[in-house]
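Novice: Each chain, written out:
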Amino acid sequence: MLEITSTPLVIMAILGTVGIIIPIISIARKEQGSNSFYAVIAFAALIVSLGYVGYQFLNDNIAPAALFSEDVLVDDAFGGLFAIAMLIVALFTTVGSFNYMRKHNSPAVYYSLILLATIGMVLVAYSTDLVMLFVAWELMSLPTYILVGFIKKNPSSNEAALKYFLFGALSSAIIVYGISISYGLTGSTNIGEVIQGYSTLDPSLLPLALLSVGMFIAGFGFKMGLVPFHQWLPDTYEGAPPPITSLLAAGTKKVGFAAAIRIIVLGMVVLNLDWTLALGILAVMTMTIGNIAAIMQKNLTRMLAYSSIAHAGYILIGLAVAPHSSLGLQGSLYHILNHAVMKGMAFIAVAGIVTTLAVTNLDKLKGLGRRMPITALALVISLFALAGVPPLSGFWSKLMLFGSALDAGSTLWWAPWLAIAGVLNSALSLAYYGWITRKMYFEGETEKRVKEPKSIIAVMIFSMIFLIGFGVYPEPLIQFVEFATPVLSLDFMP
Amino acid sequence: MEYALLQAVVLPLLLAPVAYIIGRKAGPTPAMWFTFAILLYTTILIINAALSGTVEEHYPWTSQFGEFGFLMDGLASPFAIMIYVLSTILVLYSKPYMLHIFHHQFEEEQNINPSASGQTSVIESSALSNYVNTKSGLYFALYLLFAMGMLGTVLATNLIEFFVFFEIMLIPGFFLVALWGAGQRRKIGLMFLFWTHSGAVVLLLGFLMIGFTVGSFDFADINESEIPQDIAMFSAVAIALGLGVKLAVFMFHIWLPYVHGAAPTPISALLSPAMIGIGAYGIFRLIVEFLPATFADLAIWFYIWGLVTMIYGGAMALMQDDIKRLLAYSSISQMGYLLFGIGTISVLGLTGAEMMYVTHAIGKGILFMMAGVIIVKVGTRSISKLGGLAGKMPITAVCAVIGALTIMGIPPTSGFMGEWILFAGALETAIEEGSTLRAVGFGLGLVATVLTMSYLLWMLKRVFFGKTPEHLENVKEGSWYMTAPMMVLAGFSIVLGIYPDIFYKTIIPYMSGVLGV
Amino acid sequence: MTNELIDFILVSVALLGIGIYGLAVKRNFIRMLFAIEIIINAANINLVAFGRFLPHSGGQTLALFSIAIAAAEVAVGLSLIIVAYRMYQNVDIADFRSLKG
Amino acid sequence: MATELMGFEIGATSAWLVWILPFAAALIIPGIAKLSKNVTSNFSKNATGYVAIGFALMSTLSAASMIPIALEAGEIHNQIPWIESLGLKAGILADPLSIIMANVVGWISFLILIYSTGYMKGDKDITRFWFWMMFFIGSMQLIVLSDNLLQVFFGWEGVGLASYALISFWYRDKKKDHVGTEGRTVLGMLDYYSPTHAGMKAFIMTKVGDVMMIAGMLLIFLFAGTFGFKELIGDTEWAVTMTSQGLLVPAFVLIFGGAVGKSAQFPLNEWLLEAMTGPTAVSALIHAATMVKAGVFLVARIGPLVFALGAAGILADQFFEIVAWVGAITALLLATQAMVNPEIKKVLAYSTGSQIGYMMMALGVAGLSYQYVDGYTAGFFHLISHAMFKASLFMAAGSLLHVVGSRFMTDMGGLRKQMKKTYAFMWAAGLGLMGAPFITTGFWSKDAIFAAVYESGNEWAMPLYAIAVLTAVITAFYTMRMMGLVFFGKKSKHIEKMEEEGHHIHEASLSMWIPYGILAVLTIGIGLIGLSMEEGLHHTFVDYLENSFGIHTEHYAIEASILPEFLQGLNPVALGSSLAAFAIGAGLGYIFYIGRWVDPVKFVNSNIIFYGIHKFLLNRWYLNAIIYWCFVVAPLWLARGVFRYFEKTAIDYGMNDGFQKAVLWSAKVVQGTQTGVSQSYLFVFGAGLLFVVLMLLI
Amino acid sequence: MADATFLALTVITIGSAIAALEMRSLIYGSIALMGTLGGIAGFFLLLDAPFVALFQLAVYVGSIAVLILFTVMLVKRELIFKKIEDKRRKFAGIGLMLVVMISLGAVFLDSGIKTMITDEPPVDFRDIGADFVTYYWPALILMGLILAGTVTGALVLARREDVENDQRAN
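Going down the list, the sequences are from chains A, B, C, D and E.
If you use my numbering, the first sequence corresponds to residues 1 to 494, in order.
If you use my numbering, the second sequence corresponds to residues 1 to 517, in order.
If you use my numbering, the third sequence corresponds to residues 1 to 101, in order.
If you use my numbering, the fourth sequence corresponds to residues 1 to 698, in order.
If you use my numbering, the fifth sequence corresponds to residues 1 to 170, in order.
Some hints here could point you the wrong way.
[As the list claims (entries may be wrong)] Pulled a few chain E residues facing chain C out of the computed Cβ check, cut under 10 Å: (1) A17; (2) G93; (3) V100; (4) I102; (5) V107.
The set of hints was computed from the structure by calculation and includes no laboratory data.
Using N, Cα and C, we set each Cβ at its ideal position, and we do this for glycine too.
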């Protein structure tokens, strides 16, 4: 039985209560515009949740990546890592929305939906039951459909939401289908039992097990933005309100990986097949197509969207080699954490730019370094971190990812090629990151400085400290990731 | 001296913001002297440490990737000394040159932005001084970072640390080129970033292969016998390719003429002499020292590759009209010498290769400074528009000739002391192995020295001798800020040419140790 | 129970195929919503069928969750359609292509 | 260490000073120039010159102070630490050879420096001139006195550098400073060179030799582990190893390659002619005392070593054969060209190359004969006598140029009245060059060479001898031609024009004619005692070779001879052919150019064969043009082709723009799939689902 | 072997699914969709899951389909009867459908579940309730949050802001 003080439940309680209460307050107060009030409440709720996670960690109340439990949820470090990352992203989004939402209606519902989506994001990582996972997944998805289309007057926002919704609904149907097969094969929805059931599966049923895995890959891959399930992603990221893009790119996308690690990877380890090649191929396709498509983009948001597709590819490297290298999952988790901060920061910077200058077209960003120096600096740092330039935090996680691919090279002939593809893509990605930098710093006339939103600056400064600080001294993060990484072996089965 | 190397690396990093602030508040001259003081102090630390033999420092870092350390041994100390000596004296040189660039760019911007044109000259001049102050602050801050990155690379004791510094020197370099370069500086800045980063990531692949096979990234733990042969070969090739981009060897060289041509001259004078040679340092440290057996297999390819680069770079230098591009191709050719020397796989040859780094640093430093003086004082960099400048700027001309002689390898400049020992090594191996290929390579290498001489003398002839075009009648000698650094280097070249033991005596024992002679 | 499990599953597969076809071909957003509903229902058949043949209660439970969530999804989808319709006076998804490239 | 530093013997000081002093002078000259800039007295104007001459004199006196050692066939060998990490030491080796050479260099340079004070008067770059002159002399003395090859190489490149600087001394490329005939082309190559071009050509061409030399040096170093001459002869184990690998002869031939370059021997001879763009004082220095003599000296330095090794059973005959033949070919090649060239300095330059060829031939033949010392002495004797008369001739030619203002002999003519002293001295020196019998040094030294070649008794002796004699004929002829064109006949239009314009053709200044006067007088003076001089040299070298290299010389009784008593000991055949060659050559020259009995122009044009030969010679056997085509034009063309079609297209475009375009193209393709239409996305999704499933199943 | 009821349900379900997608009129399409959903409820009954079947009827046929119907009626008339699709895409879609059906069908047919039948009694739907409160209770809470969030969100989206703003301005 779950303890009532376990982290997921407490987070659920705090955020759920606040998330429900905010719209009620709004109705009770019968006012629309009081953005800052709701933002502060949401912010406080998130901070309290984050604080609770931290408190649990500091008091060693969190088990090292347990992964399985007889319950629907488990309070382990793996979930804790995602909780921290997702709460940070939600904080970014909340703070980043502060200025953005001043101009738009219904802030209460907006923040409430963010909080609800956050619960979903956090709980997916904690789930140890397929039903729980599915429900949490939907709790994450449904509010974000609405959030993406939240700017009703904006056709792009609506179009983005429609596309997102279509894919989201399709992929949740596919996930249910996958769950149904795995349930049918093992007679349980508990992930631990499913996996155990898979390990003792009758050989004639193996294709079905693989079918379910394939459906999970497709279903979760949609959120992760894996090629060929990625096509909605740039459109949606571009059309969505920028803070929400940040939530999508930095948050929900990572949750896809959480789910994938919980189900696909573990399940496949058990199935003990040469399945990882499929993930490897997807990884290479994803990063290559993401990077190549990003190069020609004229729109900053879209470029970053493609870049986040590419990063999904990098993270997938770690999953693909996970059974052969202990570093694989560590690298993936590390990169997920880093990418959450880097991409979150980048999109929040975009939000800041949109809020103050109302442009995202790269040609109109000329001279941004002079107009919005802090935002531009932060953006550049996040871009270089995304490119994996040391001594920024992004470097270390990429290092671990490529390292894991090479590390697995001793048992997996194709694994080094993943690393090669990865580094070449990294180099390629610098082309457009550099391009943005060039636009911001080396072009444009003598523009005057404009006022940058304080909330955005706060996010920027936090992220810069994070990226540079952990870039120079990455040890704590490495330790943390190591602690949170599940060890892939059958001994962990319940 | 406690923490000498740490100070030498970290002080410039920490004080870079201070340099920026000083530049902004007090203008270029104080910023220059501040930067100069930092670098002078750290250079003295470095030289002091070099004199006391091998110095090692270790600091805790990551558990996964090893510790953060600095090591200055016989291999690293010549590199470290040259890097900081050049950086230090180029600070002085930077001031007049960069002021020239800043004024130029300011005017450009004024022209683009007509709103400023109607103002009075008083306001304009204060705008100009503000502009110059800000820019020079930024320049010196980036300069410090750049120098620090280069030093850190050669002192690193850990593969990852090496890589980190390797990349750190890239970023300020990119900004320096893209902000104050010439021509299509932004495109070229990106090209620089892209090429060298591509090389760096390939290098990283090799590092990771080694690191994971050995289980540690610390230099001290790397032992070739623990690495399976194919992995060692693979990683050595990856490292060589990665460093090859930095070295700008044949096929990977194309970024260099653009970048050296476009970079502001003090930076060209750091890029070319100090930075690209770090590729050679990497090969020494990572392949020659850590993977000796693989190196033995690869040496002949380095040899041939170096040879091709030597000749190709020289031949292309003959075709250049832009003086800085010519020097850039010359650098490519010289990097060929380094690689050639490494390929000789003999103590003499390896010593020669490292000595070539030193002499190339001196010679090319002088020549780039010469180009800078010409750019500032004449305003053109096209050789066909120059001529007869020897009478107008005698000090520059004399220094340029000494620099050219250094590159050509004519005694009593240090170039000869690099070259003869290099070729002695090449010949030694050719005889020992009885290899016709190596012997032919040796001969072609000597031919390449004639080629080197041809393009340099031709350049000198076209720039400094011959008839003086009419538009150059009023050209003056550069200021002391510009000529003094050249004279220092020229003097150093001759001192080293006459008494090469300054570096030989640290390099040779190291190389003997590495090759197990 | 006279029917075999495979029969139900084949029906479910057929519905899945039809749903995918509908999504990939139809341009009317409302019809696409139909297609999604068909796929979800296909999955539900699977769940219940497996639950029956195991036999196990979890299948029905999940099917209930799935139905409820499908309802929520439809609500969201319809509200998005309404917004879109207000803006474009159209529900042809192929007209929503300003975001591309 | 300390003791070794202390080992700087007092006795060796003078040897060190010989080369250190000129360098010291070079170093302080710029400072002197700076200091004296503000003083306007007459003395201070020439201060740099006086400093230079003073130092040169001190250096030369130091050299002279060592003569007694040479006469005793003793030696000073003194070393100081240098590159300790390789166990290399710097040192001086003052043995008879180098002491004599140092004196020749020193005294002749000293005279040339005095001459320069007049010749270079008023030149605004005079400081640079003195700097490089002193650097030149210092480098040469360094070559002469070094005890190891590496140090020799320092001097070697030093003279190269100095020659570069001095040949292109007038770097502003004024028209008057060019050489060659303007507008004249040979095989499409312009035969007209600016000083800067000439300097570059000289430097690069000699560098070709230098790289050969360094290759040879390195070969020896790698086997012997040392560059030192004393060490090399001390333990010959290395030579045995090298011979067993067939590398000994190549090594020495490569070193000889350096000498070929510096001494302008075939096929690296072409730079020497263009070197005439330098001030004449420089030409004199290059041709008489430094640079080109350095090559001969080097062969004299290593020749005994090779021979000694040969005597020890390690045969190195090919080395000497190559030396001899290169010398012979050069002697003939350049002499023939001297017959037709219209520029006085170039005639002298050709002549120098030709005479150096003689020296090489002698030094080569020496090794082929069993009596090494004969050829050795002959070659070295010729070096000394040539130094004297050629320096004199050049300086005299410089006066002519100075006065006439043209380098073409056709612009002179009939000058014997106006410039009596020059006329007389030039005759004296010219006779030396021609080898006028019995009274000139040239005769004795040339005769010694003839004898050495004739007596060498090897298979190549007769062809070499024939070439030597033929060359002697030609030498006499072109010397007469030069004298005739310059001093006889009618005044040229150029001179008439000058006189019309008010220029007075007059004798050169005192400081100019005294030096070449001295040398001309010495040519005759020493010529009169030439035979005893030769014997003294012979004696010295016999001891030297015996002591230093263990080369024994057999003393054999003088055979009965048909010659008069004072010529006893000379070879009658050599003597006879020497006299005959002088007679024929000088006679022909007299007929054409002094007596003017036949008009040479008409004579040449009378016959297609003569015309063809004349043109062939005037075009320098087409060698220069061919070298330019092969080593300048073709490589440049090739480089341009590679630059345009490889570097710019394949590499630059391919790896920058092309790569960029390819990536952008693929980006477009990828973007093309992103149509914005949800159906296509969903279709891809469905297909992707299948793809993943199938990938897993397969 | 399947019995007649099953076959009839299959025909109804699949037929009306195709009809729902292919009928020109959206209104008839929605009604056909109701048929499909009802048919599936029938399957649930066949599978001894009456609770789910009722839920299906209540939620789907009762509310969702009606909701859809209303939405359909909300849009313009010509849109309801306009059938918009590309020929080429249609064929590709049919191809995709067939490939999906055949390949997935083959996988299922090929596997060991082909002949699976059961004689065990069906699950008592009280077990489902027990599951809900003991095991799945966090999921149930989340479900509540989903519904709450979705409803408020959908309301915010569907609300006509221009009207509201007008009201507020007044």
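Novice: Work down the list of hints and note, for each, if the structure agrees.
Specialist: So, going through the hints one by one against the coordinates:
Given the 10 Å rule on beta carbons, the hint for A17/E holds: about 5 Å separates it from the nearest Cβ of chain C. Given the 10 Å rule on beta carbons, the hint for G93/E holds: about 4 Å separates it from the nearest Cβ of chain C. The closest approach between the C-beta of V100/E and any C-beta of chain C is roughly 5 Å, which is under the 10 Å cut-off, so the hint is satisfied. At a threshold of 10 Å, the smallest CB-CB gap from I102/E to chain C is about 9 Å, leaving the interface hint in force.
At its closest, the beta carbon of V107/E sits 9 Å from a beta carbon of chain C; the interface hint therefore holds under the 10 Å criterion.
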